[in-house]
Amino acid sequence: MSYATQKLAEEKVFKDPVHRYIHVRDQVIWDLVNSKEFQRLRRIKQLGTSYLVFHGAEHSRFNHSLGVYEIVRRISDDVFHGRPEWDESERLTVLCAALLHDLGHGPFSHSFEKVFNVDHEEFTRAILTGDTEVNSILRKVSADFPAHVAEVIAKTYSNKQVVSLISSQIDADRMDYLQRDAYYTGVSYGHFDMERILRVMRPLDDQVVIKSSGMHAVEDYIMSRYQMYWQVYFHPVARSAEVILRKILQRAKELSESGYEFQQPPTHFLAFFDRSFTLADYLALDEGVLMTYFQLWINERDPILADLCDRFVNRRLFQYVDFDPGTDYKKLGELSALFKKAGIDPEYYLIDDSTSDLPYDFYRPGEEEERLPIQLLMPNGDIKELSRLSQIVDAISGKRRTDYKLYFPAELLIDGKKKAIKQQILEMLREGGI
Amino acid sequence: MLQEHARIVDFIATAEGVTGRKKLQKMVYIMKKLNVPFKEKYEFHIYGPYSEELTARIEELCDMGFLSEALEDKGSYVQYKYAVTDEGMEFRNAVAASIPKNPEAAALLNAKSARFLELASTLLYFGHLERGEQISKLHSVKGKLNFTEAEIEEAYRFLDELEQLKLS
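From first to last, the protein sequence lines stand for chains A and B. Residue numbers are given in our numbering: position 152 of the first sequence equals residue 788, and the series is strictly consecutive. Residue numbers are given in our numbering: position 124 of the second sequence equals residue 972, and the series is strictly consecutive.
These are calculated hints, taken from the structure and not from any lab test. Certain hints may be false.
The following label-pair restraints were derived from C-beta to C-beta distances [said to hold, decoys possible]:
no.	chain 1	residue 1	chain 2	residue 2	range
1	A	ALA640	B	THR867	46 to 52 Å
2	B	GLU1002	A	PHE650	51 to 57 Å
3	B	SER1016	A	ASP829	48 to 54 Å
4	B	ASN883	A	PRO720	46 to 52 Å
5	B	THR867	A	GLN931	48 to 54 Å
6	A	GLU721	B	ASN883	41 to 47 Å
7	B	GLY923	A	GLY1017	23 to 29 Å
8	B	GLU952	A	ASP910	27 to 33 Å
9	B	HIS976	A	PRO720	49 to 55 Å
10	A	GLN843	B	LYS922	20 to 26 Å
Positions of the beta carbon are idealized from the N, C-alpha and C atoms, including for glycine.
When you get a sec, could you build the whole thing from the sequences and use the hints?
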């Protein structure tokens, strides 16, 4: 028996709060789960800073990756199995891609990528094709297997049905994280009938479509996505923590470049400051490492770095106000000047944040879109886009809704010297001046 | 503040407007790959490299009143035309003054069709591969578009021409 088809002597199961059990029979999958690069995902939270708002949201990318694998396993082994439109030889490729799709995520991924101008997808490809345990396992299947798995994750694989299962408007990735994030945050939205959706999924030509009889289950999924988007993913307090995190990394970089002598040198970050990093440097990072630095930097001599770290570790987050950049951008300049006069650096303490700064999206149907919309398979074989048939989806999708916030440290504006200037700032922020 | 929004407004103003969402996506991607510091994150989608962040930012700029979006009916399909409004020009002057302009590159990109830019941006997306592999991947992911050898050669020539401009 080849390694690609080798089965475990006994099925392994993981207990999982979302899918109840996650089943592993394939030796390849079991070996991948036990690789050090996959185990690293235990040390990276799925929802970044959201645990500072929803205290249950401590779940990791390890849990989520197993969940995505389980959904794809059920589609491949139960729903699509035996259907002539589905190529059974793709089974192991799609299972590996599902399991490994988030492998390149780093600690507090979104902020880290923004500050250091790196891309987790490139790291995913580097882990799959580079000198790693994961690569050596995949190569045992065949020499070109690591590249095939990487192509599925990068969405450049030739079989578009395989890509659609991992990455599309209704894919295993979204179906897992919506349910998982709802479970761990404890919110009551985010739930939908996944069993029903799986039962009505069909492989067809270059895509995966949904039988029209399953439209109401899909409506529920779109509603869940919409609710989670606004209630969890864009939560303004979690964004405040994200803003502070970004500023800590930015400050550490700036200090290092200016020759500042750290009491606790930023050893793990140096290669990212000067962009000389290797894959090994990246894999050496996790959220435990970053949190250790943040803890230690609370005692740094630089008051800004110390304060920002204290804020993040001890959850002393920035306050926020809504603002309209269309009319208020000029006042931002005035406000920034007042911050400087008050002795507060606006680069680190007056920060705008908008929906386009966040790594989540909602369903956009319609013309000239780059992403394939959700297609319904009608009883007569016709294909229709979901929002053309569903009034609920039409009502909530593709409609513009934006959200802008201005973050600042309220207590620094109340205490201490230069009270008159600070009072002026507070009036601008709170009394409709901005 | 609002620097990333300003960079997009500045680019569309420099290009004197852009017709087509797909075209705008590819123009920004190609500029980014040629070292213009756009921050929008790109992934591969149906028409090649695509940025959800750019889509969201364009929506925000329309919402702010800095960009206008007009729907043009082309018969069998529709296209969105983006232009910078008077308020957008004011915003650009106030916030984007220090952003380097690349008028020649913007004009060269804007003169090309969306199909051509899809080809050029897809080749750039596979830039980490050897040229032969790039072309083979192009045919694999864009088989239905039947790009000819002449078109591919022209795309490489075009990208070389842009690279000579040393964008920043």
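Right, here's what the structure says about each hint:
no.	hint	in the structure
1	ALA640(A) with THR867(B): 46 to 52 Å	49 Å, holds
2	GLU1002(B) with PHE650(A): 51 to 57 Å	53 Å, holds
3	SER1016(B) with ASP829(A): 48 to 54 Å	52 Å, holds
4	ASN883(B) with PRO720(A): 46 to 52 Å	48 Å, holds
5	THR867(B) with GLN931(A): 48 to 54 Å	53 Å, holds
6	GLU721(A) with ASN883(B): 41 to 47 Å	44 Å, holds
7	GLY923(B) with GLY1017(A): 23 to 29 Å	27 Å, holds
8	GLU952(B) with ASP910(A): 27 to 33 Å	32 Å, holds
9	HIS976(B) with PRO720(A): 49 to 55 Å	36 Å, violated
10	GLN843(A) with LYS922(B): 20 to 26 Å	25 Å, holds
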